[in-house]
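S.K.: From first to last, the protein sequence lines are chains A and B.
Just so we're aligned, residue 1 is where the first sequence starts under the UniProt record's numbering, counting upward by one.
Just so we're aligned, residue 1 is where the second sequence starts under the UniProt record's numbering, counting upward by one.
One or more of the hints may lead you astray.
Taking lysine to aspartate or glutamate pairs in the DMTMM-like style, the calculated list, with each CA pair at most 20 Å apart, reads [unchecked claim]: (1) B:Lys444 <-> A:Glu458; (2) B:Lys444 <-> A:Asp475; (3) B:Lys405 <-> A:Glu178; (4) A:Lys489 <-> B:Glu385; (5) B:Lys444 <-> A:Glu501; (6) A:Lys489 <-> B:Glu383.
Between beta-carbon pairs, the in silico distance windows are [stated by the list, open to error]: (7) B:Glu73 <-> A:Asp406: 38 to 48 Å; (8) B:Gly298 <-> A:His517: 31 to 41 Å; (9) A:Ala372 <-> B:Glu271: 35 to 45 Å; (10) B:Glu3 <-> A:Ala372: 23 to 33 Å; (11) B:Glu452 <-> A:Ala372: 50 to 60 Å.
Calculated from the structure, these hints are not laboratory results.
Note that the structure is predicted; figures quoted are calculated from it, not measured.
The beta-carbon is built from N, C-alpha and C at its ideal position, and this holds for glycine as well.
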Amino acid sequence: MSKAESTETTPSEDGVIQSVSGPVVSARDLDARMNDVVYVGDEGLMGEVIEIEGDITTIQVYEETSGVSPGEPVENTGEPLSVDLGPGMLDAIYDGVQRPLDVLEGKMGSPYLDRGVDAPGIDLEKEWEFEPTVEVGDEVGRGDVVGVVEETVTIDHKVMVPPDALDEGETTEVTAVESGSFDVTETVIELANGTDVSMHQEWPVREARPSANKKTPRTPLVSGQRILDGLFPIAKGGTAAIPGPFGSGKTVTQHQLAKYADADIIIYVGCGERGNEMTEVIEDFPELEDPANGNPLMARTSLIANTSNMPVAARESCIYTGITIAEYYRDMGYDVALMADSTSRWAEAMREISSRLEEMPGEEGYPAYLAARLAQFYERAGYFENVNGTEGSVSAIGAVSPPGGDFSEPVTQNTLRIVKTFWALDADLAERRHFPSINWNESYSLYKDQLDPWFEDEVADDWAEKRQWAVDVLDEETELQEIVQLVGKDALPDDQQLTLEVARYLREAYLQQNAFHPVDTYCPPEKTYLMLTTIETFNDEAFDALEAGVPVEEIVDTEAAPRINRIGVQEDYEEYVEELKAEITEELRSLY
Amino acid sequence: MKEYQTITEISGPLVYAEVDEAIGYDEIVEIETAQGETLRGQVLESSEGVVAIQVFEGTSGIDQNASVRFLGETMKMPVTEDLLGRVLDGSGRPIDDGPEIVPEERQDIVGAAINPYSREYPEEFIETGVSAIDGMNTLVRGQKLPIFSSSGQPHSELAMQIARQASVPEEEEGDDEESSEFAVIFGAMGITQEEANEFMEDFERTGALERSVVFMNLADDPAVERTVTPRMVLTTAEYLAFEKDYHVLVILTDMTNYCEALREIGAAREEVPGRRGYPGYMYTDLAQLYERAGRIQGREGSVTQIPILTMPGDDDTHPIPDLTGYITEGQIYVDPDLNSQGLQPPINVLPSLSRLMDDGIGEGLTREDHADVKDQMFAAYAEGEDLRDLVNIVGREALSELDNKYLDFADAFESEFVDQGFDQNRDIEETLEIGWDLLSMLPKDALNRIDEEFIEEYYREDDSEREVVEAAD
């Protein structure tokens, strides 16, 4: 939460706690607006105003409320819940209200999260090398970049005129320019209209940062995951949902995206999930290499960890904290990808708060505004033309944890109405350790057509054709499997048996990918494509052989084809694929 | 400390009383009935002038003349190393006629969340000696791995086997001092006296009791007390692990009873119910228990949890197993079908899962081929399982030679790998060797998930090479 200079806030009248029930506290005589941040009780626990009725104000508290009693004071800050924006957000790990967890550990002197301790989201004392990109006399408008700071080895942080400093279309003159080492609170640029620009901004989390225009996304967010890039791609600026029952690999898929997606910035929001999983990210990411440039992955990542046992109100806000930080980097012209794991926990936090407020419940006890909140969140993603004329994107990928794995529940359904990519995780596949266990029959991507031109330019002319071929084979397999379940495989005609064999390679070699294998974990689109063409080579040659009278048993029993399954783990895959194609062709042709 | 005789309403486990001072949320309350009995409770909601109190022992015997005392503090657990070897009731009071417990510290039972930044990622293999767990769904220190079972299944035997065997390797290696580093904390919630006796007898027989702390809330004990028991257990566990360097294994049984108690309180408070009448905050509540497992940087000890839950109707989409599965790092399924076939332990490995496994196995931890062997066995067993359905329709003869091999593999997997008996303790080497014996029933090129190098090294070319590492018993 923003602590940077509690500016000349008008002192508000303090209130008195009237009642306490879990994370919901009501106070009397508090002069507050909706969504103001307040400090509750003698310990000063942070909270937010969520309801005002007569002289009673209801507050959701972001910290544990044990021991808080009626009669204790409530202090209003008069400001909405905001985040601190500025250099230092990358390589950081926050809780749901942007308190840096490493700083909290130091301040609390304990591995446990204590109460009533606050810390600014960015280090206010650390000095950064500021390099101006404007000169005295230049005209600047809102959001314009006025300087650059090297935030991490990977990312140059662009210092911008705050979007609320000027009106739309208005420009003003730069009157003073500094250069050198400054902390984030010092003024580095002065403008003629009186605005002092520092490296630090604040922005209320529940409000989208302004943009000039939203455009149709046409570039894929390449993930290095075959089934995603190959069959169900997401665009930079796109939205995706990953629903699945527990154990089906939501988190692994999210982690893979965070590691290998070709975005400039990754915001990873662990919303109500496991502590050990966040620890894994904290331990792994600094050591992992960014596939784009070999720098540590943490240099482009900001983590928000509000684990399931941390206060539920902070879980409600962590999604907003994440998307606001994402928008800030978007304004600099970066492609940002935000992973939210899991949006169901966020929805449940809303439900919990709503039920404590005794609001009339909607479906399954969720508040009636669930759909609206989900839509608002996903609408903040997109491919944008920013107010300063640059282009940037925010891609939002939300995991969904439907109770009992039943996709008909409200969170999944309301999410599907908004997102354009759907990666359905399947417990059956997970059970047989087919990972990623994304069901190819149920999943879809509505970005396919608008992304095909990119793949055709960058990878191969017939990218879309090949994909369609694979989809057709898999569809046919699904139908054939139904018959096989009844009569057995051997009762099928030879050509259908062969189709099953081809489909098996598609499933085992192409769709499965081992996230824990050092090579297979990341598969560039070129390799994805080559793998598919190898399977197609086998398909074509095998059917030629069948036509020439070779029995299907002999075709299936060849030596070269099973090596298709090993393409994934080959580092020098181009050579391997070339040889393999030749061998498959040679072996199958030698049969007739 | 003020006493009130101002009870206005008594409803189920709840008592409402008028007060004229500020009472803290979660504060502990003592209620003295006219008969002189003292009951304990906790503030569930505190408003000006009136508080709602949840009474642990149940409200029977309370009338409007009962006096209410607020102790001015939240619930605490007196902790000390001397708790080892003791048997306590569900609220942490000794019931074993032993000496009075002199606490070293009194700790808040709610427990603060561990800062994710301060955690250490669990990756130390725990050898449970159970092949279906060690080989296929490995447990690591600091993990929470529940057993999903249903009524009438031998989940207690499995839990006892794990508690007994998991400690063994360290005892062998280390001197006496090291062997004391392992502790079991057993939290019983609403189980029957008989079940409790089984655990106690096993603890006494194997000498495990002296390094255990037992909390007993039995079926006829007050249900509301069950909401406190696991917090007492985990507070003790955290103390022993993070302040006294023990590796603590926590067994909580039965979580289903805990959740029923939550529902009871929710209903008494007339809360808006969530799925199947369970409170909407059950996910958060369960998370506050399960997330207390883990390791902390710079601390020696660890808290590993094995909660047991009986799934109503053996249905894992029921809210209790469902929410649990979303919080815990995997689950072990006890399968009624396998149990009726006589498998011991009747673990169904296919739906079972250990999320922390991948970082806890491999070269230097277990063996370099472990991950591949596991993957291949999962795939082969799943294939065999599928074919069983088909065999029922078309018969074995209609299947190809390879399919028949998969069927044989599935049978052998159950009889040789899974069915080891509750008394046999297999080390990981033995488990993997049995794995290779079984995998060698399949042709080499069917082993597509295993690195060629490992196939070269471990694959049994013909039957005579199969080292029969059969059950030693």
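S.K.: Hint by hint, say whether it matches the structure.
M.R.: Here is how each hint holds up against the structure:
{"no.": "1", "hint": "B:Lys444 <-> A:Glu458", "in the structure": "39 Å, violated"}
{"no.": "2", "hint": "B:Lys444 <-> A:Asp475", "in the structure": "30 Å, violated"}
{"no.": "3", "hint": "B:Lys405 <-> A:Glu178", "in the structure": "77 Å, violated"}
{"no.": "4", "hint": "A:Lys489 <-> B:Glu385", "in the structure": "16 Å, holds"}
{"no.": "5", "hint": "B:Lys444 <-> A:Glu501", "in the structure": "18 Å, holds"}
{"no.": "6", "hint": "A:Lys489 <-> B:Glu383", "in the structure": "14 Å, holds"}
{"no.": "7", "hint": "B:Glu73 <-> A:Asp406: 38 to 48 Å", "in the structure": "43 Å, holds"}
{"no.": "8", "hint": "B:Gly298 <-> A:His517: 31 to 41 Å", "in the structure": "32 Å, holds"}
{"no.": "9", "hint": "A:Ala372 <-> B:Glu271: 35 to 45 Å", "in the structure": "24 Å, violated"}
{"no.": "10", "hint": "B:Glu3 <-> A:Ala372: 23 to 33 Å", "in the structure": "50 Å, violated"}
{"no.": "11", "hint": "B:Glu452 <-> A:Ala372: 50 to 60 Å", "in the structure": "55 Å, holds"}
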